[in-house]
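Visitor: Chains as they are written, first to last, in the numbering used here: chain P, 1 to 114; chain L, 1 to 114.
Among these hints, one or two may not hold up.
Mimicking PhoX-like on lysine-lysine, the simulated pairs with C-alpha atoms at most 25 Å apart in a straight line are [stated by the list, open to error]:
{"no.": "1", "chain 1": "L", "residue 1": "58", "chain 2": "L", "residue 2": "109"}
{"no.": "2", "chain 1": "P", "residue 1": "57", "chain 2": "P", "residue 2": "11"}
{"no.": "3", "chain 1": "L", "residue 1": "101", "chain 2": "P", "residue 2": "71"}
{"no.": "4", "chain 1": "L", "residue 1": "77", "chain 2": "L", "residue 2": "113"}
{"no.": "5", "chain 1": "L", "residue 1": "49", "chain 2": "L", "residue 2": "22"}
{"no.": "6", "chain 1": "L", "residue 1": "101", "chain 2": "P", "residue 2": "57"}
Chain P residues, not near chain L, derived (Cβ > 12 Å throughout) [stated by the list, open to error]:
{"no.": "7", "residue": "13"}
{"no.": "8", "residue": "19"}
{"no.": "9", "residue": "28"}
{"no.": "10", "residue": "47"}
{"no.": "11", "residue": "72"}
{"no.": "12", "residue": "86"}
{"no.": "13", "residue": "112"}
Derived by calculation from the structure, the hints in this document are not laboratory data. All C-beta atoms in this analysis are idealised placements derived from N, C-alpha and C, irrespective of residue type, glycine included.
Given next are the chains, with one letter for each unit.
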Amino acid sequence: DTGVSQNPRHKITKRGQNVTFRCDPISEHNRLYWYRQTLGQGPEFLTYFQNEAQLEKSRLLSDRFSAERPKGSFSTLEIQRTEQGDSAMYLCASSSGTGRYEQYFGPGTRLTVT
Amino acid sequence: AQSVAQPEDQVNVAEGNPLTVKCTYSVSGNPYLFWYVQYPNRGLQFLLKYITGDNLVKGSYGFEAEFNKSQTSFHLKKPSALVSDSALYFCAVRDLYNFNKFYFGSGTKLNVKP
């Protein structure tokens, strides 16, 4: 069990640019979640995958956000035409399902939009 | 709507003293409740969960939590605090109808002083 990894750990981009983040979940976990966390707040749910299927998407996720999980393994979160309000920590988590609801989180990707 | 509230932004306690980090929930049915801890530059780590059964739940690192239905609370406790317990603590509840959606509190910063 090598844990959940996320890359990059930090990303600084200019407003209007596109960015893509990657998450590698724990290998046997079929459930994958993306959250956004801003300073002083808890994680806010963005989207959820079971295997390769995206089953839930928060209303927080505008059309500029898209997530994929090809082949049910790693996942990517892309933000197009970034805005300063997108600056946040983006967290990925995975879980095994089958009645075990606890999630295992990666270290996050901190996005700064200038 | 389901939610959790953490009424204290910060809790200060001396090493060796008992600690309590408070969480109240708002759920119309039987809640699934969780506690996570976040150390600086690390992802959230699962501490413990309440699903059903005994109201006193024991978790990692000597932490425990008491589910109180009448007070709609799920406070995190530890009999003797360590300096290394200093971190950010988050309470979370699972959505009643969407089993893969979770709502987190805003977090409580625990400071344990030597």
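Visitor: Of the hints given before, which are not true for this structure?
Guide: Checked against the structure, the only hint that fails is number 10, while the rest are satisfied.
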